[in-house]
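2 protein chains.
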Amino acid sequence: MGASLTVLGFNSAIPTVRSYPTAQLLEMSGRTFLIDCGEGTQVQLRRAKAKFSKINHIFISHLHGDHCFGLPGLIASFRLLGREKPLYVYGPKGIREMLETIFRLTETRKEFEIIYKELSIEVSEKIYEDKNMEVFTIPLDHRIYCNGYLFREKPKPRRLNMVEISKYPEIEICDYEHLKRGKDFVLKDDYPLKNSTLTFDPSPGISYAFCSDTRFTTSIIPIIKQVDLLYHESTFLHDLKEMADFTGHTTAKEAAILAKEANVGKLVLGHFSNRYSDLNVFLEEARPIFPNTYLPRALEPILIEFHRPD
Amino acid sequence: MGASLTVLGFNSAIPTVRSYPTAQLLEMSGRTFLIDCGEGTQVQLRRAKAKFSKINHIFISHLHGDHCFGLPGLIASFRLLGREKPLYVYGPKGIREMLETIFRLTETRKEFEIIYKELSIEVSEKIYEDKNMEVFTIPLDHRIYCNGYLFREKPKPRRLNMVEISKYPEIEICDYEHLKRGKDFVLKDDYPLKNSTLTFDPSPGISYAFCSDTRFTTSIIPIIKQVDLLYHESTFLHDLKEMADFTGHTTAKEAAILAKEANVGKLVLGHFSNRYSDLNVFLEEARPIFPNTYLPRALEPILIEFHRPD
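First to last, the protein sequences are chains R and X.
Residue 105 in the working numbering is what sits at position 105 of the first sequence, and the numbering runs on without skipping anything.
Residue 48 in the working numbering is what sits at position 48 of the second sequence, and the numbering runs on without skipping anything.
Next up, chain R with everything else stripped away, as it sits in the complex (with noise of 0.2 Å):
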C-alpha cells in the first residue's frame, strides 16, 4: 500500500493571502493522519478533497498558534458534521486544557470522544501502533515544548514463491505463516529447504519524519535514520543563522546537513519566514549539500517511495 504526504500549508508565523501556516495530511497503510493544524487547515482540507471522517488521529508539533489554532474549529466543524467516532489526539501537555476550555466556553457540545495522548517526556517514544504501523515522537529543540514525529510501517511479511512451493506437496496452506516470517520448511526426511528459495523478500516498509520547529539539532539522526521522506523545517538561510538559534529555528543548509548525515531518501523544506518572497534560494542553499531536496508545493500530494540507502 502506497503513502503519500499532502502539505497543506507551510507559512511560518503570520499567515498570508498566499499560504497557509503548518499543517500536512499524511496517508500511510490505509490511514489519513492530520500533522499540525494552523489557522485555515480545514478550509485547505477541503481544497485537497480531503473526507474528514477519514481523520481520526492529529499530531501537534508544539503549541504555537501557527501549529495548532486551527484545531478548535476543525473539531467544532467534525461535530457539525455528525461525527460520532472517537478522535485522537497527540500533542504537548496543555493541549487537552486549550481545547477543553475554548469548547466549554463555546459551548461547543460534541458527540464523538476525544482521546488525548499528551506528551511531556524529553526523549522518543512510541505513541501509536496498529497492524501494520507504529508512529514515535523525535523531541526537538524550540523555544516551547516541541516534537516532530516518525511515522513507519512495520516490516512485512515475506513473500511466498508459488512456484517454488509448488514443487514441495509436503507444504501445506497452513504452513505459509511460518514461510512468510523467514521460517526455513523441514521434510520428513530432515532435509532442510531454506525459506530463502521458497519466499521472496518482503516489500519494504515506508517511513516518514516530520521536524518542525526546531533549533539544528544532531540528536535526531539516530531517530530519523534512513528515512524515505524527511519534512525539516528550514526558517531561515544560513547568513542567518545566529536569528535562527534565537529564535529556535534551522537553516536551509542546516537541514540540507542533517538529512545527507541521516542518509534520507529525500529531504522537504518549509516553514519558511515571510521574509522571503523567492523561496528557490533554500533550494540553491540546500542542494550542493543534499541534491534530493524538494520544496512543498501546497495541495500537491507527494508519493513517498522506498529509498534504498547507500
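Heads up, a few of these hints could be off.
What the hints assert, rightly or not - Taking lysine-lysine and the BS3-like style, the derived pairs with C-alpha atoms no more than 27 Å apart in a straight line are:
1. X:Lys93 to R:Lys110
2. X:Lys241 to R:Lys110
3. X:Lys156 to X:Lys266
4. R:Lys126 to R:Lys266
5. R:Lys241 to X:Lys110
FYI, nobody ran anything at the bench for these hints, they're computed from the structure.
If you're wondering where the values come from, they're calculated on a predicted model, not measured in any experiment.
Keeping the supplied structure of chain R fixed, place chain X upon it in accordance with the hints.
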C-alpha cells in the same frame, strides 16, 4: 466624515473554500472597528488591505467558533507585527478566560495590553464612547449569550452660515461655538437673531446596527429604529422557520419585517446556511417586504449613507 462597512465573511458555521465565517470591518468617524472574528479573518483583513495597526477595538457578538475562532491568531499576529498600543476586546463573559488560557498555554507573550470589556447583562448598554460616536449592545436571542452592536455617530454641531454672520460685526469668533450648539445671538439692542438664520442644519450622524446570531425578536426594534444600515442574519428561508427557531436563527422574511418595522435605511442579509447555493433566494423572500435589501459581497465596502426616515 463618511462611514463604510466591509463584510469579510458572512458564512454560517462551517468555513468553505468559497466563503468565510462572520467578520466585518466598520470604518466610522475615522476609527476602524472589527466586528466578530471567525477563523481566517486575519487573511481576509489582508485581502481587504486593512491596516492591522488601525484596529484598536474588537467587538465579538458571542462565543460560537464561527464568530471568534480567528481571534487568537489575529492577536498573535498583532504581537508578531510589533504592536504596542492597547487592544480593547468587547464580548461575552468568558472571552477573557478563553483568550488568556490560550495565550498562557501557547506562551504568547504580549508587549501590549488587552483591555477586556466582558458583557453579561440582558439590556442594551453603552459600552464605548468617544468625541464623535457611541456603541451600544443589542441584546439578542440565540442559543448562547449573544449581543449585536449599534454604532452611532453623535449629533454633530450646526454649520455656520458665514454670509449671514458677516453682516453683524457684533458676532465675534468666540461666539461661534454657541451658534454651533443652536443658541440665538442677542444684539446689544436686545434684538435677538434667530440661530436658524445664522447656521445651517448639521450633517447628520450616521448609524449601523449589527445583529447576528438571533431568533426573530421584535425587542430589538426600539434599539435599531431608523438606523442607516442594518445587517441582520437570515440563516434560513421562511419555509424552515421551525429549524430557525430551534437553532436560534432568523429567516429572510423575518429580517425584512424587522427592517421595515424599524424603518431602517438599508438591510444587508448574511450568515446563510450552507444548504443554499444560490443566495438570490434570500433577496426574493425579503424584498417584497423591504425592497432596500441587499446581499453582502465579501471585501466590497458598503458606503453607509444617511437615511432620511419616512
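Could you grab the alpha-carbon distance between Lys241 of chain R and Lys110 of chain X and see if it respects the 27 Å cut-off? 25 Å, holds
Taking only the CA atoms, is the gap from Lys93 of chain X to Lys110 of chain R under or equal to 27 Å? 22 Å, holds
Between Lys241 of chain X and Lys110 of chain R, is the straight-line Cα distance small enough, at 27 Å or below? Holds, at about 25 Å.
Is Lys126 of chain R close enough to Lys266 of chain R, meaning Cα to Cα at most 27 Å? 23 Å, holds
If you draw a straight line from the CA of Lys156 of chain X to the CA of Lys266 of chain X, is it 27 Å or shorter? The given pair, whose Cα atoms are some 22 Å apart, holds under the 27 Å limit.
Of the numbered hints listed earlier, not one is contradicted by the structure.
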